[in-house]
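Novice: What follows is the residue order along each chain.
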Amino acid sequence: MNQKTIKWFFYTFVCLSILIITSIFSLSVGASGISLLDVFFAIINRSSSLQNTILFDIRLPRLLVGIAVGGALAISGVILQGMFRNPLVDPYTFGISGGAGAMVCICMALGLHRLFGVWIMPIFGFIGSMIVMLIVYYLSFKKGILRIHGMLLIGVMISFISSSFIMLTMALSKTEDLQGIVFWIMGSLQEPNTSLIYLSIAISIIGCVVSFLFVKDLNALSLGEEEAHHLGVDVEKTKTIFFILASILTGMCVSISGIIGFVGLFVPHVLRLLIGNDHRILLINSFFIGSSFLIFCDSIARVIIAPIELPVGVVTGIIGGSVFIYILNRRISR
Amino acid sequence: MMIRIKNLYCGYGKVPVLKDITLDVKQGEHLGIIGPNGSGKTTLIRAITRLIKAISGEIEIFGRDVRNTDLKEISKKVAVVGQVSKFIEDMKVIDYVLLGRLPHFKWLQIMESKKDIQICLHCLDITGTLRLKDRFMYELSSGERQLVNIARALSQEPSIIILDEPTSHLDISHQVRILDTITNLIRQNGITAVTVMHDLNLASEYCDRLVLLDDGKIKKIGTPQEVLTYSLIEEVYKTVVIVKENPISHKPYVFVVPHVDKS
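Going down the list, the protein sequences come from chains S and E.
Offset between the first sequence (1-based) and my numbering: plus 597.
Offset between the second sequence (1-based) and my numbering: plus 19.
Just so you know, these hints were derived from the structure itself, not from any lab.
Treat the hints loosely; a few may be bogus.
[Unchecked claim] Quick partial rundown of chain E residues pointing at chain S, CB under 8 Å, derived from the structure:
1. Val99
2. Met110
3. Asp114
4. Phe124
5. Met130
All C-beta atoms, glycine included, are put in the ideal place defined by N, C-alpha and C.
Just chain E, same shape as in the assembly (with noise of 0.2 Å):
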């Protein structure tokens, strides 16, 4: 088991925001996290990349309490794909993606070796940005810095991969080619990935198993047909749906139903 959670409770007063969440994420799975706005997606990620503390249970990453676990340690087995900081617009792409290197260098090491730069280029290459490396990051467009971004998660080389809403402000085009990439990751490398997603149907087609977050409980666990039904999603998201099967993925697709008064 990559990721074992065991009933955590954890936020980020003496209130906790996730309750009781027990979990397991197996290797080579891609399991997507889905609840409304405010639901502990987030504080989920935070928890187990261990930026908060748990107030009770336990995380688990490869059979090891992540609080006994070095700090550096971890950032070699699981990397974080967040938003990309505005303090680096300066910085040339290969710049960027060789920070992804700094859990490998050692205490006394300042230069990135070459093999850190041949990693560092494969993992561009990987996510199709290797034409880019030379490119400042502000001359990127949003999809192309959240692909640079992928690459510079992968050049931690790490087993585990968390997206924190990767396809948030991106057109269609990106949204698809950065989710087939994660796709592709762990058909050919076997890496497992957790993502946080808002769009359910990216969510459908993309990962193994869905994890619907509801006030900081586990509302359901299971396969996006388990998941996705309506009468889970209106009570979750308090929204009238349609739930249709994809004619070609047979996963399921969520339809709004828009309650515009036409008077």
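So that you can see chain S by itself, here it is in the shape it has in the complex (with noise of 0.2 Å):
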């Protein structure tokens, strides 16, 4: 085993690590405290308490919630980077999060959630995030060449499109559904369906070993497409399974948790920092990382102003922008 492949080790055994620390944090602190030691016999000796209540039924589902859609939104933001060759993309880009939120403030507005029961909302959120993916990739797919510079400029004005969607949905809804939409907006990891639940995991393990499958082209990709195709690497073919995989990653992440931002952004960049540009060892650690940064956030939501809970996404753009823009300072005064 060589050095390099050691510090790799190490580095994701480091990651993982921070997984499972913060996990053990996020299942201990909440409104109602619960010690480290008591999560621990909860665990090892599940009876019916109100702690295991609390933990199992509230906790943790909330905890899965956190590392499906932190890890989902990392990678995408790691295989987007990658692809575009550009680090200031990331997963909300393509209007992917726009259209998925366009029509779950749709579905509010009509008030099909009161009708169907709070599940229609992420399959009106998903639906959402393909039609806007297929749009992209249908205007931006010309001769056989899928053009990722006018991919990006067809995203964002996508974006702006259904940002003034949003806009008039609120505009035209009751006061009542208002509120509603604001905080899906703003993001959230409570979700009362388990079976989406499971899914969003599924959904998120699955895109890991994926994009893992590709995780070398990727790395060619860095170098350029005409590099990438002069190393082997059929370019058209792998823009378009990591352009899929990225809007059906960030597509779930929408439908299921609303509008989370920085979490694509900000994860990579740092890991780059840290742990180099080489995506075979970016990719795994942005899913642990990226998991992480969510669930802390998501802990921080819930207890800093107990019992009311904050937006996650709120505390994600604080302190992701924050560090974020500290990094990118450092970058440039290097």
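Please assemble the complex out of the two chains, which come individually in their own frames, going by the hints.
Specialist: This is the structure:
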């Protein structure tokens, strides 16, 4: 085993440890404080006490959503930044979140969530994100080539159009629906539907595995499309796979938890700085750190003004944004 | 024959950039492609490496039609030296060179083997950049980057190396060092090189044969003495020159004649 492999194992061990520690921290903090020891005993001895109900029926589902959504957003960020060779691209750049947001707002404004139940919202969100994905793909695919710079511009424009739709829907909504829309847009890890929680975990793990299968091609793409072609990579096929993968992952995240900013932009950036640009190590560890970051922010959101809960998107924005500016400033002055 | 091109028409739209190109490249030769800007030099390289599709005509590498050859198989035989990407600034030199081993990776192989590392170190050694292996790409000068770029191409273990203006923006010492490296590779390893060049004098000194392109067509193929003539250069480049013989190498040497208004 060479030095690089040992170093990468160490990085992965550290990142996985951070995820485990953040998860235990997240289970133990909240309006009703449960000590770390109680968390440990609850895990090995599952009884029907109040503590266990809080842990396994309220906090654990939230934790699982945090792992799935944080990991998936970070992976999408790594994929898109690598594919576009642009560190400022994030999963929301293509208007996928906007599409999902607009559809969820329409669903709420029409009162469909009251008619069919709240599970209809993620479905609408996912349909919205997939519609945007198909529009962006269709408009960017010319003469057998997926033109990624055109794709970026089209995505940004669709994002603006979607934002206008969201604002229009909010302006036309009833007062009782308005708060729901605002809270959904700001993001939350609360998901009452267990099947959707399992589905989000399955999608994010599958996304992680599939992207890992093409990770060497992503490394080659970071040299440029022509160079990747000269290294034997089928560039158009790879770009299409990565775009669809990132879209599905982002669509799933937005549908389940609303628009949670900065995870997809901030996590890959920090990790590139700490462990390097090689996607073989970046991808898996972005999943762990993305999950950890979101879980940590959610824990802060739950306790900082308890018993009132802050939207997690607000916390990721403040923490992620501040750290991002600090890192960017350091890089510029280097 | 390493590369055989027959009646090739190709371009970026319906209008062909290259028209009726017929060309053979023999093993162990250094073929230079010269011509004015927009004459189709880079397009020819892109066609050989299947980056653009031919409208009509044939391109064969090792006797196999490139259209029917797997891209990975081509990249094991043909390496291209282009410009160094900006996004890999934070990458270490050895990691950058290791990317050249990608065509040799098996489908589920994630990490490079000991053999891959040995090959890359050897390629860095050949290009005289082994001492830079642990440096970051952003720490290198333009000349060092181009040498590392050649090492990456060599790590693909190609039989043919294609270089697109490898000496542009470099000082005279790095120009000579890079072209000496290529010449040594041809002589010692039997590699075939195809180089796009703007500097006619370097092309004359280092290439066995030259292809002069003009408006997408081959104007002349031959030895530097046959191609670099006063009349051909003036006709194709629309520039008045004087061609003399280099007293040491006996190759043609092109002098430009400035047309500055002295009044």
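Novice: Each hint should be assessed against the structure and marked as holding or not.
Specialist: Hint check results:
1. This hint holds: Val99 of chain E has a C-beta 4 Å from the nearest C-beta of chain S, less than the 8 Å allowed.
2. Interface restraint check: Met110 of chain E against chain S, minimum CB-CB distance 6 Å, threshold 8 Å, status holds.
3. Taking 8 Å as the C-beta contact cut-off toward chain S, the hint placing Asp114 of chain E at the interface holds, the least distance being around 6 Å.
4. With 8 Å as the threshold, the beta carbon of Phe124 of chain E comes within range of chain S, its nearest partner Cβ sitting at about 6 Å, so the hint holds.
5. Taken as an interface hint, Met130 of chain E checks out: its beta carbon lies about 6 Å from the nearest beta carbon of chain S, inside 8 Å.
Going through the hint list in order, the structure satisfies each hint without exception.
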